[in-house]
Amino acid sequence: MNNCLSGNEAVAYAIKQINPDVMGAFPITPSTEIPQYVAQYVADGEVNTEYVTVESEHSSMSVCIAAQAAGARSVCATSSCGLALMYEVLYVAASCRLPITLACVNRALSGPININNDHSDSMGARDTGWIQIYAENNQEAYDNFLMAVPIGEAPSVRLPVMTCMDGFITSHAVENIELMETDVVRKFIREYNPENYLLKKENPLAVGPYDVSPYYMEHKVLEAEAMKAAKARILEVTAEFEKISGRHYGLFEEYRMEDAELALVLIGSSAGTAKAAVDKLREDGIKAGLVKIRVFRPFPSEELARALAGTKAVAVMDKSEGFSANGGPLFAETRSALYDLKERPYLIDIVFGLGGRDVNTEDIEKLFGRLANIAVTGEIGPVYTHMGQRSKEEKA
Amino acid sequence: MIYAKDINERTPWQDLTPGGEIYEPGTARAFNTGTWRTNTPVFHEESCKHCMLCVPFCPDIAIPVKDGKRLDFDYMHCKGCGICENVCPFQAITMVTGGAPNE
Chain A
1 MNNCLSGNEA
11 VAYAIKQINP
21 DVMGAFPITP
31 STEIPQYVAQ
41 YVADGEVNTE
51 YVTVESEHSS
61 MSVCIAAQAA
71 GARSVCATSS
81 CGLALMYEVL
91 YVAASCRLPI
101 TLACVNRALS
111 GPININNDHS
121 DSMGARDTGW
131 IQIYAENNQE
141 AYDNFLMAVP
151 IGEAPSVRLP
161 VMTCMDGFIT
171 SHAVENIELM
181 ETDVVRKFIR
191 EYNPENYLLK
201 KENPLAVGPY
211 DVSPYYMEHK
221 VLEAEAMKAA
231 KARILEVTAE
241 FEKISGRHYG
251 LFEEYRMEDA
261 ELALVLIGSS
271 AGTAKAAVDK
281 LREDGIKAGL
291 VKIRVFRPFP
301 SEELARALAG
311 TKAVAVMDKS
321 EGFSANGGPL
331 FAETRSALYD
341 LKERPYLIDI
351 VFGLGGRDVN
361 TEDIEKLFGR
371 LANIAVTGEI
381 GPVYTHMGQR
391 SKEEKA
Chain B
397 MIYAKDINER
407 TPWQDLTPGG
417 EIYEPGTARA
427 FNTGTWRTNT
437 PVFHEESCKH
447 CMLCVPFCPD
457 IAIPVKDGKR
467 LDFDYMHCKG
477 CGICENVCPF
487 QAITMVTGGA
497 PNE
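First to last, the sequence lines map onto chains A and B.
If you count the first sequence from 1, position 159 lands on 159 in my numbering, and the numbers rise without skipping.
If you count the second sequence from 1, position 92 lands on 488 in my numbering, and the numbers rise without skipping.
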């Protein structure tokens, strides 16, 4: 069925169809609408969800951890500083192997305080052991949230999943999207039947016991192996999802990459803008393409290397400033992925779009111009630069 | 199901439980925390009046009681904190250096 929904509404509707046992709820812009809509579903008796209002995001995630450990399917939504406040317990959720589903509506981190979009919140949480899947648009935000459930809950994985969408750009813009029938969704996500849980009376369970050094490392290896295993599970679930929805998803999306010589690697809604720029350049005979990363954790390293193997020059576009003085997090991952290629493309990093700074097709076209120049001359110039800021220096 | 008795500090990661979950109660019995001790209380039975003051003061469960009388220390649980020596009115407990009562 077709509908016009904002990204937040779409995710809330996914939650309604999932009908989770528990939602830990605390509001923060721009994700506030998600718990707000779910509260309405609860009040109207449309879901059976135990809706727990708490005093902070540290608590909303703690509610989800406790509930999931008890054997209840739990969901949560947050943004920015809310995610940062969850930081400690995000690790607890992942290391206790509790497949909670969290909608992260990406917003800049303070300070200075800013409510608009970039990826610094979820990129800050990239090493917490959560699977991370990013959406370009409302349809993907809806689809990703539904797919997150069977991905995280698979016994081979048992990891929490964070589905991310761009704050305001995706969360508040209304788009036409296709919703699935609720009975189809239920069949797809299945019942949550963990093998062991706190409320299982047959065997008492202890979750999260103190780990002394002779055991901690082994448990971390188990967790790392689960993250590796998640890649295959994600592809299984996306294939299953394609059968019922007709929509195809991979670990990333390749756009006009077949014969691309110049390419971008980026995440989220900016892919829409970049695709329009790629189309325009293609009309002019320039072999431009882009790779939109959907799954950032686990990072599709080998697959990305294969996708970029035939290119001459690539720009990674980071929508978060990692303050590494060596480029953003997507750049670090991409450069690492390309290291094993025998012939590597030239690679630069562009940090852009911080705190809601717009990027338009002209910016992307200019960037491709820079890539074309690099491909011809072999002169990379500065490897890591920012785009879109006012400057006394002339723009490259 | 992996039981606590089947794992130890030589168990490979493949044979441990996800997240270190423990699937049964009472597994502390299999784990000797007395090895953490650096000082050790010694019980002098001849001085003890069995006033039972030391028993509730013990922060662990290292002083067993049977038929109204305290028995010798349960060194599997004793962390050597010395509180029992401090509260004993009859000098029936003395602390010695080291993890073993006979050092």
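These are calculated hints, taken from the structure and not from any lab test.
Be careful, since some hints might not be right.
[To be verified] When the alpha-carbon atoms are kept at most 27 Å apart in a straight line, the in silico DSSO-like pairs for lysine-lysine are as follows:
id: 1; chain 1: A; residue 1: K231; chain 2: A; residue 2: K220
id: 2; chain 1: A; residue 1: K200; chain 2: A; residue 2: K220
id: 3; chain 1: A; residue 1: K200; chain 2: B; residue 2: K475
id: 4; chain 1: B; residue 1: K475; chain 2: B; residue 2: K445
id: 5; chain 1: A; residue 1: K342; chain 2: A; residue 2: K287
id: 6; chain 1: A; residue 1: K201; chain 2: A; residue 2: K243
id: 7; chain 1: B; residue 1: K445; chain 2: A; residue 2: K220
id: 8; chain 1: B; residue 1: K401; chain 2: A; residue 2: K201
id: 9; chain 1: B; residue 1: K401; chain 2: B; residue 2: K465
[Stated by the list, open to error] One side of the interface only, derived from the structure: several residues of chain A facing chain B at Cβ under 10 Å:
id: 10; residue: Y51
id: 11; residue: A154
id: 12; residue: R158
id: 13; residue: N196
id: 14; residue: L205
id: 15; residue: D211
id: 16; residue: V221
id: 17; residue: E223
id: 18; residue: Y255
Please read all numbers here as calculations on a predicted model, not as lab measurements.
Virtual Cβ for every residue (Gly too), placed ideally from N, Cα, C.
Comparing the hints with the structure gives:
1. Between the alpha carbons of K231 (chain A) and K220 (chain A) the distance comes to roughly 18 Å, so the proposed pair stays at or under 27 Å and holds.
2. Between the alpha carbons of K200 (chain A) and K220 (chain A) the distance comes to roughly 26 Å, so the proposed pair stays at or under 27 Å and holds.
3. The straight-line distance between the Cα atoms of K200 (chain A) and K475 (chain B) is roughly 34 Å, outside the 27 Å bound, and the hint therefore fails.
4. Restraint check for K475 (chain B) and K445 (chain B): satisfied, since their Cα atoms lie roughly 24 Å apart, inside the 27 Å limit.
5. Distance hint between K342 (chain A) and K287 (chain A) is fulfilled; the C-alpha atoms sit about 22 Å from each other, no more than 27 Å.
6. The straight-line distance between the Cα atoms of K201 (chain A) and K243 (chain A) is roughly 38 Å, outside the 27 Å bound, and the hint therefore fails.
7. Taken as a hint, the K445 (chain B) and K220 (chain A) pair is broken in the structure, with Cα atoms around 51 Å apart against an allowance of 27 Å.
8. Among the hinted pairs, K401 (chain B) with K201 (chain A) is consistent with the structure: their alpha-carbon atoms are about 21 Å apart, no more than 27 Å.
9. About 32 Å separates the Cα atoms of K401 (chain B) and K465 (chain B), which puts this hinted pair outside 27 Å; it is violated.
10. With a cut of 10 Å, the hint placing Y51 (chain A) at the interface with chain B is violated, because the nearest CB-to-CB distance is about 27 Å.
11. Given hint, A154 (chain A) at the interface with chain B, is violated; its Cβ is 12 Å from that chain's nearest Cβ, farther than 10 Å.
12. A cut of 10 Å between beta carbons decides the hint on R158 (chain A): the least distance to chain B is about 6 Å, and the hint holds.
13. Checking N196 (chain A) against chain B by beta carbon gives a least distance of about 6 Å; that is within 10 Å, so the hint holds.
14. The beta carbon of L205 (chain A) is positioned within 10 Å of a beta carbon in chain B (closest approach about 6 Å), and the interface hint is therefore held.
15. Interface restraint check: D211 (chain A) against chain B, minimum CB-CB distance 5 Å, threshold 10 Å, status holds.
16. For the restraint placing V221 (chain A) at the interface with chain B, the shortest Cβ-Cβ distance is roughly 4 Å, inside the 10 Å limit, so the hint holds.
17. The restraint placing E223 (chain A) at the interface with chain B holds, with a minimum CB-CB distance near 8 Å, inside the 10 Å limit.
18. Interface hint status for Y255 (chain A): violated, as the beta-carbon distance to the closest one in chain B is roughly 37 Å, over 10 Å.
When held up to the earlier numbered hints, the structure conflicts with 3, 6, 7, 9, 10, 11 and 18 and fits the remainder.
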